[in-house]
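The listed protein sequences correspond, in order, to chains A and B.
Be aware that the first sequence starts at 3, since it is given in this note's numbering, and climbs by one per residue.
Be aware that the second sequence starts at 820, since it is given in this note's numbering, and climbs by one per residue.
Errors might be hidden in some of the hints.
Partial list, derived from the structure: chain A residues whose beta carbon lies under 10 Å from chain B [stated by the list, open to error]:
id, residue
1, Val-29
2, Leu-36
3, Ile-50
4, Ala-53
5, Ile-62
6, Phe-72
7, His-74
8, Ile-76
9, Lys-79
10, Leu-88
11, Leu-97
12, Leu-99
13, Pro-100
Computed Cβ-Cβ distance ranges for the label pairs, DEER-style [to be verified]:
id, chain 1, residue 1, chain 2, residue 2, range
14, A, Ala-84, B, Tyr-971, 49 to 59 Å
15, A, Arg-45, B, Ser-868, 35 to 45 Å
16, A, Ile-39, B, Leu-843, 30 to 40 Å
17, A, Ala-91, B, Phe-883, 27 to 37 Å
18, B, Arg-906, A, Pro-49, 48 to 58 Å
If you are wondering where the hints come from, they were derived from the structure by calculation, not from laboratory data.
C-beta atoms are modelled at their ideal positions from N, C-alpha and C, and glycine is treated no differently.
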Amino acid sequence: MTSDHAASVPSDHAVDIDKHVRIYITVFVALMALTIITVAISRLHLPIPIAVTVALLVAIVKGSLVACYFMHLISEKRLIYAVLALTAAFFVALLALPVLTVHDGFWIHQ
Amino acid sequence: MDIPYTVEIRRDTGLTNGKIGIWLFLASEVMLFGALFASYILIRTGAPSWPRGDTILNVPLATFNTIVLISSSVTMVMAWASLMRHRFGTFRIYMGGTILLGFVFLVVKYFEYSHKFHDGLFPSTNNFLAIYFTLTGLHMLHVFGGMCVNAYFWGPGAKLWKTNPEWFTNRVEHSGLFWHFVDLVWIFLFPTLYLL
């Protein structure tokens, strides 16, 4: 169910909400477990490239759970997806630009 | 004059105006934090050496704060679900819990900051602390802003529930979207600053 149904909730939707609440609790447990995993992995003192990759992968999984279930992105309208796709494109460009500037031989490098 | 499309769906967007508005705002927030993350990457990759976060920062406190913020996201979404079930009393309990957890987060950050200042560690000390204070400071402002909005809906803003419960439910959902975004930002800040 999307949030746009927030207008008067018919009783048959109450079952849907109960299902959602169970999902929220499951996601909460998963987020707690992943937080503990993140801290545990950091104690292994892995080499920086591996540590960064693993930490970001776990953070991406956690972030996706929050976005998909708490923010209801898993069942949103297409316009929201379009806005987020455009945002993601600019976000990636923003992150990539400084990385490119520090690589030898790239055109921005002095 | 009434604000249009607060409850009813616009045919062209398939959304209420409030919903599209909050998502556009969150898109701008992604770019704000994205610019700071890009700065972090640039400064870190350009530095001859970079300290591990856990040698300077308090990981147990930050882990506790991560648990606090994730818990507040759950209470926030449960507050919205309570309104969907037409249980206003339960909404008040969950929303109150969300505000309280936000307050706990800020108190813990206060102690973290105080300890750093006491040890003579300031934003001007080095680049690591500069980016740490900038990112966490901006994030704290967002937590505070979200708490203010949530407190409004818990208190005086809740009057709307009596006259227009659908609109009130939508407003709480939009406030929740912002709160979850703040949680999401912390999910990335925590490993980036404290663990790597």
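Checklist entry - Hint numbers the structure violates, sorted upward? => result 8, 14 and 15
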